[in-house]
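Participant: Chains as they are written, first to last, in this note's numbering: chain A, 374 to 479; chain B, 25 to 502; chain C, 33 to 193; chain D, 43 to 648.
FYI, nobody ran anything at the bench for these hints, they're computed from the structure. Keep in mind that a hint or two might mislead.
[What the hints assert, rightly or not] Taking lysine-lysine pairs in the DSS-like style, the calculated list, with each CA pair at most 30 Å apart, reads:
| id | chain 1 | residue 1 | chain 2 | residue 2 |
| --- | --- | --- | --- | --- |
| 1 | D | LYS196 | B | LYS448 |
| 2 | D | LYS137 | B | LYS385 |
| 3 | C | LYS118 | A | LYS473 |
| 4 | A | LYS478 | B | LYS448 |
| 5 | C | LYS189 | B | LYS170 |
| 6 | D | LYS139 | B | LYS385 |
| 7 | A | LYS473 | C | LYS189 |
| 8 | B | LYS170 | A | LYS473 |
| 9 | D | LYS68 | B | LYS385 |
| 10 | A | LYS473 | B | LYS172 |
| 11 | D | LYS592 | B | LYS387 |
| 12 | A | LYS478 | B | LYS172 |
| 13 | A | LYS478 | B | LYS378 |
| 14 | B | LYS378 | A | LYS473 |
| 15 | D | LYS397 | B | LYS387 |
| 16 | A | LYS473 | B | LYS212 |
| 17 | A | LYS478 | B | LYS170 |
| 18 | C | LYS143 | B | LYS226 |
| 19 | C | LYS189 | B | LYS369 |
| 20 | B | LYS369 | A | LYS478 |
| 21 | D | LYS68 | D | LYS381 |
| 22 | C | LYS143 | B | LYS212 |
| 23 | D | LYS137 | B | LYS387 |
| 24 | B | LYS385 | D | LYS196 |
| 25 | D | LYS196 | D | LYS137 |
| 26 | B | LYS385 | D | LYS67 |
| 27 | D | LYS326 | B | LYS387 |
[To be verified] Part of the chain A face toward chain C, derived, beta carbon under 7 Å:
| id | residue |
| --- | --- |
| 28 | ALA388 |
| 29 | VAL441 |
| 30 | VAL450 |
| 31 | LEU460 |
| 32 | ASN466 |
Note that beta-carbon positions come from the ideal geometry of N, C-alpha and C, so glycine has one too.
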Amino acid sequence: MSADLSQLFGHFMIAIILLFIIGAYCILASFNMVRILIGLEILIKAATLLIILAGYICGRTALAQTIVITLIVIEIVVMVVASGVTLWAFRNNESIDPRKLSELKG
Amino acid sequence: MPSLFVLTPFLLLVVVNLPFKFLRKQIALWPAVGGMLVAQVVFSTFYPLNIGRGIADPFEQFFMFGLSLDSLSSIMLLIIGIVAFVSVLVASSMISEERQVFHFLNLILISVIGMNTTVLISDIFSLYVFVEITALAVFVLIAMEKGKFAIEGTFKYLILSAVASVFMLTAIAFFLMAVGSTSFAAIKDAFASNSSDAFLLKLGTGLFLCGLLIKCGVVPFHGWVPDAYSAAPASVSVLLAGVVTKVSGVYVLLRLFGTVFILNAALQNTLLLVGIISICFAAFASLTQTDFKRMLAYSSISQVGYIVLALGAATPLAFVGAVFHFFNHAIFKSLLFVNAASLEKRLGTTDMDKIGGMGSKMKVTSATSLIGLLSTAGIPPLSGFWSKLIIIIALFSAGRPVYAVIALLASALTLAYFLSLERKVFFGKVVASPAAETKASFGITFSEVLLAAITVAAGLGFAFILNTWLLPLKEIVH
Amino acid sequence: MSIDIILLFCLVLAAIWTVMTVRLIHSIIGLALTSVLLSALMYRLASPLAAVFELSVCAGLISVIFLVTVSFTQRVSKEEMPARRKERFVRFWGLLFIVAVAGLLLILFFKAPQFQLPPPAGEQNVRDVLWNLRHLDMLGQVIVLLAGALGVAVFFKEHKK
Amino acid sequence: MTENILIAMIVIPLIAGLLSLLLPKKGCGVFALLAAAVNFILAVSIFNKELNLTFPWAGFGMAFSLRLYQFSGFIMLAAAFFGLLISLYSLSFLKDKDYRRQFYAYLLISLSFVNGAVLANNLVVLLFFWEGLLVTLFGLIVIGGKQSFRTATKALVIVGLSDLCMMAGIALTGYLAGTLVISDIHLGLGSLGGLAFILMAIGAVSKAGAIPFHTWIPDAAVDAPLPFMALFPATLEKLLGIYLLARITLDMFKLDAGSPLSIVLMILGAITILIAVMMALVQKDYKKLLSYHAISQVGYMILGIGTCLPAGIAGGIFHMLNHAMYKCGLFLTGGAVEKSTGTTNLENLGGLRAKMPVTFICFFITAASISGVPPFNGFFSKELVYDAAMQRGWIFYLAAILGSFFTAASFLKLGHAAYFGKSRKENKDAKEVSVFMLIPMITLAAVCVIFGVFNYLPINNFIKPILGARAEGHNFTGSSVNMTLGIITVLVLLGAIIHHLMAAKIMGGGIKAAEHIHHAPVLSVVYRWAEKKYLDPYEVGVKFVKIISKLLWRIDRGIDWIYESLTPSAALFVSRTIRRMHTGYYAVYIAWSLVGALLIMLFIFR
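Generate the whole structure from the sequences, applying the supplied hints.
Facilitator: Laid out in structure tokens, this is it:
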């Protein structure tokens, strides 16, 4: 691993770790289901960037891009389903506050 | 041969969705899906007996799927077939509205494709793709009735599952960086050959483990399990508890940590600790549950703990025990969820405070649930006992007596909570009998009897099962 | 190199804004912005195809999905805004703090390790990999889209009673 | 092909048991009787043979291997004998009960499992059958009636827990010995070996019903069908438990006299004897009283085997056989009384001697036998145990002989209350029971006499071969091994009789009924002498004994309380705490997951 690559990895890694922190904080602290999904999106974006970075560093950009393309397709379908759940949570509770979704417990 | 397990349901899925009215008729749909699953059961049952292995696969040359069918996959295919079939049977007596039936069967097909592919796959990213497909289909299945609880359960499952995906994707990135490929063979070589970066491999292994543990639903990653299981419609909870979580979490764990990754001491200890904590924690949690399905969900967590525990012992015997327990658990947990479905259908509730003295009214349900409960608690000669015994022996011979003893004591706890359940629901006083009493349907009764028979037969003939289906596993474990 | 650093910095800033902003619409726009920056970074990392995909799908389609969801659900009047802004700040100032501290620590102490990388492989075309080597992923995409279609049918399609 | 008879011993009762579930209710009793007879004939035909049978079963050293030799043949024979008698007895006793099909099915399946457990030459095979008995035990108690589910659960939990200990013991033993084949295991008692021994011994003595694993037995006495009591706690469980205890002390582990574990066993035996017999003394129910004696007598067997002396082991095993006979017989008389009067409460019984003479004679013989009256069989086995206990320490002997005293006292009380005294109006219609019920009782009583008078028969044929080399140069037959101890025993028994008579007089319990003893030429003198001189201390003594008994009752219920209240409430507390942690808010669960992931990563990169 050349020093250049190592430095590049370092820079990207710092940003990726910060993105993970931001996404996790958003998921944990939001009182709105759409914001939770946005937090998830940020997490997934961090992972996507990591995969591309990994492909770049070890010289397998083709494989990494393939993986990311499939990943994006899955991501969007997950978001569609999650939006559907949000919609119905709103219809059931008249609110998209996730705190209303804590009746199953114990 | 292996790609047939993927392409057949896929073809069926396509055919079902063709815009012809007659194809959507319920009368054609149920038998088609059921028949496909029965065929899967039959094929995977006879796989280890060397029948049908020689059949040439015309698709193999056309599609480069890179699927491989070995003894572990064949057991998984068998379980998927049985449980999905039972789930379809139960659904056939609970769902009648045409649109819902159509959606249900489509989603079941998708989840079966997802699971079948998951167990045949030999590439870590494709594995993630199909685990995600299964999960997606199940999200929609759980939320299908769009009730308050169903949406809530789906939401929690979805969020935690997405977090698990992030863990897994990160791990895949590290594997890609360390190995340069995502196939199992390359990763296995990387572990064995010492030519790859040990730190990256370790990082990837750890992160993937965390993701998988969320999917498995073991303590402390289990938050979604009781909610999703209890909120799902009866037939879906059978599928979810019996096989979806198990395949997308536990199977992957077994496959990767049993046959691909090489476990170092720290990983072994991690698995052992997580296993034993899940066993005890969930067993205690289920003691005071008042909802039948919630109690079953916690017991499910506890039983998955045994599998993880056995995996942590990292010996071939333990692995065999883990797979056997996997099989048994899938069968008897599905049985118990079918019992729950039966109660739900008849009484409209699974709250145990509102149910009582059903023993005399629902003879089949109470008898089969007793079999399921005793098997879960590990009472001989039912199947659950044997797998637990093998796990315990394996733990002892791996030099982990403390874990073995704790696991044993916890199974006493299991017995206690199940007996309290049994007493409340089936033997207790008849609590004001609800108005909505209907007769148990054929589908439910048949699946109860079928699963109970498998449990008893697997217990009595465990030696045969062990020799025929499970011993070949020794070859794929390292 | 320096372009990379600037882009990464903007990416983190965009993500923070996405999370911190009060109005959901701004949040969604922030997410789209993050996506755009991400695709620029992908382009920088020699992955143009993935970058295009990210740009069109994530920045475009996902924003639309969220907007649709918000339009179905969000009901906040303008009068409530100040109160919400305050409440949000109370909950989210911690994030600023954590990100600042973590960022500082990482920049000061994070040393990129020297990894032992796998031997370089002959460069392959993305299309070749996608269409010739990863059939299963293609099948997976098809099935995922089917599942998504069913999800839409179940969740979004109103049916007559 | 004679080896296949071993398979037949397991398969025939099992299939017969399953078949009897299908037969009409009327025929199943006769069918079960026939099956039990076939089982008995098979057991007789292979007694004293040595057979080995092994075929591959489950891999990993878990071959299905059976081994017939002296000891297992003997236990099987005994089990088959009692199975036959009980099924004959039940033919009449369970005539109009709804559950009789299930009863016979469980009975036959139990016989099959007993045969399997005794024949097993592989620890896993042993465990298979051993645990299988748990299921039939549960089933047999459950069919008793409405209350019985609770008792059955209690039994299942207690026995199941100790079986789990045994499972751990088996896993540990297999690990230490490197094999699961029983006849190849010869372990020392190192630190782990000792643990393995203790775990296995817990399984064995709890099957036999020793303190503190006993509390379900008295409850079952009330709730479960009576033939169950005669079959399970009285005979089969003792046979199996003591069989395993003897196997682990004699073959699998090398337990020497003087080793700490031997003393532990002896203490357990002594405590079991005393506490249970004191408990028995204050019971007012025929069956419950008997059930406490079923616990107490186990103490003698454990004490005997725990001494690790040839005489003690021989005595323990002989006592096991004898106990099975007379306790089975006693329960059967109890059943006869229940059948003809409809009650087993001693306060409602009385004067049955005239109405049920045959039952009374059987009761008399078996009660004398359990009390250790010469020349009945109990006397000789107890003498062997006394002898060995005396050699290991007078305190153990003292415990044993005290136990004997109270045994005699409580049976005098029982006999007095049930068979003598005034006839109550509750049982004025009582008459002798049918011949099917009498034959087993008479047989058992007769065997008690025969094994007593001709005690060389069982000892030379059954017991001595088991001991093998250990028995060289010992003679266990004859009137008594140690004359002094024998005389002390007789004196103690006389003391017990006097005690009873005094007590009966003081308590005002139908003294007239005991006149035939009262006016016996020697006894009357002793009696009068005692009455004058020791009256007051006696009263005090009686009261003292009663207080002790009451106290012990509290302790006994205390153990019960630990099972029934303390453990569950602690578990419930933990459970509720855990439930409160699940608040239902998704962020909590995600936080758990993230913390868990962090911990795991830290653990891996430690």
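Participant: Would you check the hint for LYS385/B and LYS67/D, treating anything up to 30 Å between C-alpha atoms as holding?
Facilitator: holds (22 Å)
Participant: Is it true that the CA of LYS473/A sits at most 30 Å from the CA of LYS212/B?
Facilitator: Roughly 46 Å between the alpha carbons, so the hint for LYS473/A and LYS212/B is violated.
Participant: For the pair we were handed, LYS137/D and LYS387/B, check the Cα-Cα distance against 30 Å.
Facilitator: holds (25 Å)
Participant: Between the alpha carbons of LYS473/A and LYS189/C, is the straight-line distance 30 Å or under?
Facilitator: holds (25 Å)
Participant: Is LYS326/D close enough to LYS387/B, meaning Cα to Cα at most 30 Å?
Facilitator: violated (38 Å)
Participant: Is the hinted pair LYS473/A and LYS172/B satisfied, with a Cα-Cα distance of at most 30 Å?
Facilitator: Roughly 10 Å between the alpha carbons, so the hint for LYS473/A and LYS172/B holds.
Participant: Less than 7 Å between beta-carbons is the criterion; does ASN466/A satisfy it with respect to chain C?
Facilitator: violated (10 Å)
Participant: Keeping to a limit of 30 Å between CA atoms, is the pair of LYS68/D and LYS381/D held or broken?
Facilitator: With a Cα-Cα distance of about 19 Å, the restraint between LYS68/D and LYS381/D holds, given a limit of 30 Å.
Participant: For the restraint on LEU460/A, tell me whether the closest CB of chain C is nearer than 7 Å.
Facilitator: At 5 Å from the nearest chain C Cβ, LEU460/A passes the 7 Å test, so the hint holds.
Participant: LYS137/D and LYS385/B: Cα distance at most 30 Å?
Facilitator: Within the cut-off at roughly 27 Å; holds.
Participant: Between LYS478/A and LYS172/B, is the straight-line Cα distance small enough, at 30 Å or below?
Facilitator: Holds, at roughly 14 Å.
Participant: VAL441/A was flagged as interface toward chain C. Is the shortest Cβ-Cβ separation under 7 Å?
Facilitator: holds (4 Å)
In summary, the structure is inconsistent with hints 11, 15, 16, 27, 32 from the numbered list given earlier, while agreeing with the others.
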